[in-house]
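> Put together the whole structure using the sequences plus the hints.
One-letter residues, chain by chain:
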Amino acid sequence: MTQDKTTNILIVGVGGQGILLSADILALLLVGQGFDVKQAEIHGMSQRGGSVHSMVRYGTAISSPLISRGDVDYLMAYEELEALRWAPFVKPGGTVIVNKKQIAPAPVALGVAAYPEDPLARLRQNFARTTLVEADRLAQEAGNVRAANLVMLGALAAGLPFSKELWRDTIAGRVPPKTLEVNQDAFELGWEVANA
Amino acid sequence: MTKKLMSGNEALARGAFEAGVTVAAGYPGTPSTEILEELVKSEGVYAEWAPNEKVAFEVGIGASIAGARVLVTLKQVGLNVAADPLFTFSYTGVNGGFVFINADDPQLHSSQNEQDNRHYARAAKIPMLEPADSAEAKAMLIKAYGISEEFDTPVMLRTTTRISHSKSIVELGERSEVGNKPYEKRFDKFVMLPGNAFKRHIFVEERLRRLAEFNDAGDLNPIISGSPKLGIIAAGAAYEYAREAFPAASHLKLGMTYPLPAETIRAFAAGVERLFVVEELDPFLEDQIKAMGIEVTGKACLPLIGELNPDIVFKGITGAYDEAKDLARPGLAEELAESDRLQTDFADAPMRPPIMCPGCPHRAVYSVLKRLKVIVNGDIGCYTLGALPPLSGLDTQLCMGTGVSVVHGFGLADPDFRKRAVGVIGDSTFIHSGITGLIDIVYNGGQNTVIILDNRITAMTGRQQNPATGRTLRGTPAPELDFEQLAAAIGVKSVRVVDPYETEEVERAVKEELAKDEASLIIARRPCLLVERFTAPPFAVDPVTCKDCGACSNIGCPAIAKSGAPIKPGGPAKPVIDPAVCVGCALCFKACKFDAISQAKEG
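These protein sequences, in sequence, are chains A and B. Take 65 as the starting number for the first sequence in the working numbering and just add one per residue. Take 3 as the starting number for the second sequence in the working numbering and just add one per residue.
Which residues of chain A face chain B? A partial, calculated answer using Cβ under 10 Å: (1) Ser115; (2) Val120; (3) Ile126; (4) Ala170; (5) Asn190.
In silico DSBU-like links for lysine-lysine, alpha-carbon gap of 30 Å or less: (6) A:Lys228 - B:Lys5; (7) A:Lys69 - B:Lys6; (8) B:Lys231 - A:Lys69; (9) A:Lys69 - B:Lys327; (10) A:Lys242 - B:Lys5; (11) B:Lys317 - A:Lys69; (12) B:Lys549 - B:Lys372; (13) B:Lys495 - B:Lys513; (14) B:Lys576 - A:Lys164; (15) A:Lys69 - B:Lys5; (16) B:Lys127 - B:Lys201; (17) A:Lys242 - B:Lys6; (18) A:Lys242 - B:Lys43; (19) B:Lys301 - B:Lys231.
Chain B is nowhere near these chain A residues, computed Cβ spacing over 10 Å in every case: (20) Thr71; (21) Gly82; (22) Gln97; (23) Lys164; (24) Arg188; (25) Glu205; (26) Lys228; (27) Asp233; (28) Gly237; (29) Lys242; (30) Glu256.
The set of hints was computed from the structure by calculation and includes no laboratory data. Idealized CB from N, CA, C, for every residue including glycine.
Structure, rendered in structure tokens:
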């Protein structure tokens, strides 16, 4: 049985943060590079403020669309509580990229549950490779706060073995033309943060 | 050849196109909805949303008997609705090939139960195929049309949420223009009088025997050879999990799971030391394999409830059979142990349940019903989310239509309930299964009050058109079903239309209709905000005037955080409204008795 290297990427956040778009861009790029790719996500509730995730796996031959708990190489979290929720999926030594952003879920807004204290410190304690990204601020800088998902994607891309040109081409093929410039700029800023 | 990353549902739509399907029908239901939404874009294919699954199925039957290749799509509970035509269509058989896609939902990602619809294939005595990824979904659907026409049978293609919504690589092919089969009047085949049906039952049993032979001889059930120490039989997503967890084991991957390929299973079982069957939900395969006299382990070590994944399969099988550990993916056990530790450490992460959107008209109606303390018999749709705190707005909710019929039952059990229970149901759901319930109320003199939460769309499944919206699945204009006239024709004397945002008017309507000694229908009409955007300047709480009574936060709006809510250390002293989330619907403003909430000036 061959044990070809499979890379597992988990993207998590809250409905409306553009998680599925970033996952689509990532998967498109990987398919273009000739990898076997599987992508798993749950539709339906994403527009109603629920927790949203997308699993992207690539390698020579992928079986399960679901990543095993503890086998994630890269966790990209668009919200701090979601990072904490999904951290147990990350493999020892894995990479965690977190957006500096807290969105209170309904039980917290209703005062029946507490937002966890200092999620970032707890992530850092467990994962040496934790990168914090101020995606909202950087997206604002790029021209639109809604491009925060592309900032995050840029931060992830900086750690993956594909050229920036390839990413830029894939983004150009996927996002609406009128948002392309902002999205490219946002991606660039994310890439720089991760390389800093 | 073009290769594309496609979801299972997209691949199934492509498969129907390539198979030469010309007629398709269904009713929206997660996780099956996207198949027809995708297929309708294909040239040469007619696709429609029917009012419910039974109608969709029967439309498909008609098109098949008339000669076309047909696709019907539905979710697992939808097949309950379509079961009546299915069982007799199994007897008549087809003319043009007929396949229905049944999407099960283990783990109840978006369903009211976790039923295992594989039992339907067995009960209706029809073949069933189960793809494990998108490429297989397309290939199997094309194959299913061949089986349908060769064996004269409807075919069930079963997916689960993970197959329908996961993406993998698919190679696109060309469409075969198969054309319609000639129609011929066949009294013995298509008119199921008892005498004819009895003979067709004989045909069905013989067909099942031939299908089992076909399945044994065919190529739908590959064996992936590995160590003889561990053999695993699985199908669909469960196969992918088993292969992920135990890449070095031997696998029998079933593609056609009814009727089973008995000889293939026997041969595989004979070649391995320990045999397991990995399947989600019921022991459907396990029971049949055991009935063949084969020793196999399944539900003794794997759960009956919920979805499987590679971790559960690993833990279940290694717990029952220690030697399986040597055949698992290297590192899996260690990763899981570390993950278990982290799960305990991070167990304080609160849930993030879905919630009705800010400004949702349903919330406004529920806020009134809550104030009036009435019993609410609910139904299936976005408005089911009103059951969650703080609205806690539902007493009952089971299936499509119960918003109308259950409230009648309440009134029969005790006349007192007629004055303090209402039924609520959405527009699409009312058309699907509520109309007959309303007829029942009027026919039998029920004095119940029913509220249609009419948001002009099938919202929960992702905003599909329905007979009341004025558009079809194809985007063409259609007559809008008129609920007022329909109710009048049924014989409801008291029909009134209210705007959910006018909460005082809603309150008056509910009170007055409940007081009447006759059947009443209230239509609470305002379009879903995801269809027709509503935006007014946001509201804000004046912390000085606010008495912190909780009236605003108790409407359950995602824009409002309660006083003291731990959104930040210490929490706010008074409720706060997030101006970025607020759409300005004014529901909180109307709920506030102390004039502490005001609207920002127009920008």
